[in-house]
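Colleague: Residue numbers (the working numbering), protein chains in the order written: chain A, 18 to 132; chain B, 3 to 117.
Rather than coming from a laboratory, the hints here were simulated on the basis of the structure. Any given hint could turn out to be false.
What the hints assert, rightly or not - Some chain B residues judged to face chain A by a derived CB distance under 8 Å, without partners named:
id: 1; residue: G44
id: 2; residue: L45
id: 3; residue: D58
id: 4; residue: F67
id: 5; residue: P83
id: 6; residue: F93
id: 7; residue: R97
id: 8; residue: T105
id: 9; residue: Q106
id: 10; residue: F108
id: 11; residue: G111
Please read these numbers as outputs of a predicted model, since none were measured by experiment. By construction, the Cβ of each residue, glycine as well, lies at the ideal position given by its N, Cα and C atoms.
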Amino acid sequence: AQTVTQSQPEMSVQEAETVTLSCTYDTSESDYYLFWYKQPPSRQMILVIRQEAYKQQNATENRFSVNFQKAAKSFSLKISDSQLGDAAMYFCAYRLWGSNYKLTFGKGTLLTVNP
Amino acid sequence: DAGVIQSPRHEVTEMGQEVTLRCKPISGHDYLFWYRQTMMRGLELLIYFNNNVPIDDSGMPEDRFSAKMPNASFSTLKIQPSEPRDSAVYFCASRQRPTGPDTQYFGPGTRLTVL
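Construct the complete structure from the given sequences, taking the supplied hints into account.
Modeller: In structure tokens form, the structure reads like this:
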């Protein structure tokens with residue numbers, strides 16, 4: 018079974034600084050997708066960024082980028098120029114390639130942004 | 003688009019009572035997912051539907067839980083009888099057909115408290 022591990026229950030960063038959230042996963046498959054979701058206090062889950070395992074290039078979305086290391090099964094999220102609105106719980110998630118759309122989530126990392 | 007709509011937003015009930023959670027997916031989305039979020043277990047997929055048909059219900063904890071999708075715009079998750087350990091936030095999410103973006107759109111969640 019696939020598992021997703023986020024080893025940092027909490028992280029903090031100063032406004033305008035950069036922070037990296039860690040995620041590792043365990044799978045025997047070679048084709049899959051990885052995601053980072055953000056959950057602000059409103060509780061709604063919001064997709065931040067996604068990565069296809071077959072792509073070597075790391076995904077980027079504005080201030081958000083990932084460092085995808087397939088061999089190491091690592092998928093970290095970097096937030097540059099952190100803003101107060103980035104404060105939230107961040108979840109790493111995995112989905113096997115193909116027609117089963119089941120997402121497996123990590124336990125989450127609570128990010129605090131200090132002014 | 004109004005996004006995924008869930009009701010109620012909060013539900014408080016007593017042990018043994020029946021609880022029904024409701025979800026309206028985004029129009030045009032063919033997939034609907036029910037998740038449960040707790041501090042102990044994180045975010046877990048309970049069941050998901052494709053074109054109103056249940057595809058994977060392996061996450062449904064026990065027979066007390068049931069989910070239905072009578073049409074493309076409505077789904078229910080029922081717990082009967084409810085127990086205190088069912089207290090959690092329940093999310094509904096939807097996504098487009100396979101040719102669309104591989105993104106699940108989450109609703110705001112229903113916070114269930116079973117006394």
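Colleague: For which of the previously enumerated hints does the structure constitute a violation, in increasing order of number?
Modeller: Of the numbered hints given earlier, those the structure breaks are 4 and 5, listed in rising order.
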